[in-house]
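Use these hints to put chain B onto chain A, whose structure you have.
The residues making up each chain are set out below.
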Amino acid sequence: MDLPGPIHDFLLVFLGSGLILGGLGVVLLTNPIYSTFSLGLVLVCISLFYILSNSHFVVAAQLLIYVGAINVVILFAVMFINGSEYYKDFNLLTIGMALLRWFVQIIWTTRSNQIIEQDLISNSQQIGIHLATDFFLPFEFISIILLVALIGAIAVARQ
Amino acid sequence: MFLLYEYDIFWAFLIISSAIPILAFLISGVLTLIRKDPEKLSSYESGIEPMGDAWLQFRIRYYMFALVFVVFYVEMVFLYPWAMSFDVLGVLVFIEAFIFVLILIVGSVYAWRKGALEWS
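If you're matching them up, the sequences are chains A and B in order.
Read in order, the letters of the first sequence are residues 1 to 159 in UniProt numbering.
Read in order, the letters of the second sequence are residues 1 to 120 in UniProt numbering.
What the hints contain is simulated information worked out from the structure, not anything from laboratory work.
Keep in mind it's a predicted model, so treat the numbers as computed, not measured.
None of the hints are false.
One side of the interface only, derived from the structure: several residues of chain A facing chain B at Cβ under 7 angstroms:
1) 69
2) 132
3) 146
4) 147
Derived CB-CB ranges, DEER-like:
5) 144/A - 57/B: 33 to 41 angstroms
6) 99/B - 157/A: 24 to 32 angstroms
7) 151/A - 62/B: 17 to 25 angstroms
8) 24/B - 9/A: 26 to 34 angstroms
Every residue, glycine too, gets a C-beta built ideally from N, C-alpha and C.
Only chain A is shown next, with the shape it has when bound in the complex (with noise of 0.2 angstroms):
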């Protein structure tokens, strides 16, 4: 079941155009909430591109942890920033094209040549598997770093 090609390159250009326009958006764009939604935008394509490498699982945690937690969580820390105090002017600096062009050359002919086979049991599945039997005592400590980093959050925000 080899890749077909020119989907792997569609994908590729599209999420790689994406990530630039939003990293550059993210430092180049005065109001810092509209920099918080680009930065969603960066972390949304990044988690696509794992599906150019078959981890489906992957692309649906980086999705549900980046975005819908990480990224909320830096919203609400900038949601504290007063509105009076946004940097004005916006500086367009100049971007070396040369060495963008470099990049995507780099990532468009690195490509690897194996057949990809089909597992009996899908990632998460896998993933599940592994939690659960190999990794059960960190699975446990998780549950305990969880529950001191929401303590600690609340006993601080509380003052």
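Frame of chain A, contents of chain B only:
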């Protein structure tokens, strides 16, 4: 390097569900008459002249809700692969996941008693 053929229906669904709002806006934009005058473009404030800034001050209770949401969201992401492989795992793993959820219920009770979930 990915198995596209499994996701035919998904891509078709994605393309159609992206096309429908775009089409809706395009058609209504073409069919209607858009006239911009300053009265139409100003924001509505119950019939009076708008005064002050539109942005309210951010209150801490919004942040508390987002915080509790994020912690339980991450917990949900960990429960998802467990749920996917539930049929091949035994009773012991069920107990383990139960302990996982129980520890986080302790956290939820703490958040509740400390007033992080108060809205008013």
